[in-house]
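Undergrad: So in the UniProt record's numbering, the last spot in the sequence shown is 92, and the numbers never skip.
With beta-carbon atoms standing in for the labels, derived distance ranges: (1) I52 - P28: 28 to 36 Å; (2) T2 - A29: 32 to 40 Å; (3) P56 - A29: 29 to 37 Å; (4) T2 - A26: 27 to 35 Å; (5) D30 - I71: 13 to 21 Å; (6) E22 - A72: 17 to 25 Å; (7) R9 - I71: 14 to 22 Å; (8) I24 - H53: 19 to 27 Å; (9) T86 - V63: 13 to 21 Å; (10) T2 - P56: 25 to 33 Å.
Keep in mind the hints are simulated off the structure, nothing from the lab. Where is the CB? At the ideal position from N, CA and C, for every residue including glycine.
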Amino acid sequence: MTEIITLSRARRGQGGRIHAVEAIEANPADALELERRLLEFGLVEGARVQMIHEGPVGRDPVVLDVEGMRIALRRHEVRGLSLALTGTDAAE
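Kindly produce the complete structure, drawing on both the sequences and the hints.
TA: See the structure below:
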């Protein structure tokens, strides 16, 4: 069974495929801009993603491997992305 979590809850080493993309910001204009940036980074539905680093303070920023490309984002920027965990990361 596939477990779906928000990418902001993922821990270092966890990975899967992007299930859904929705930018969450208080201002709708900011949400649209963030969603556009996430899509430009390749964070689209179905993309393979793995959390490869978490910052030491507040687990921020995070470094993601997105289809072989590494990007660093703030944890709040990825809270609207849902991740379908794969392999041993998914609950049995």
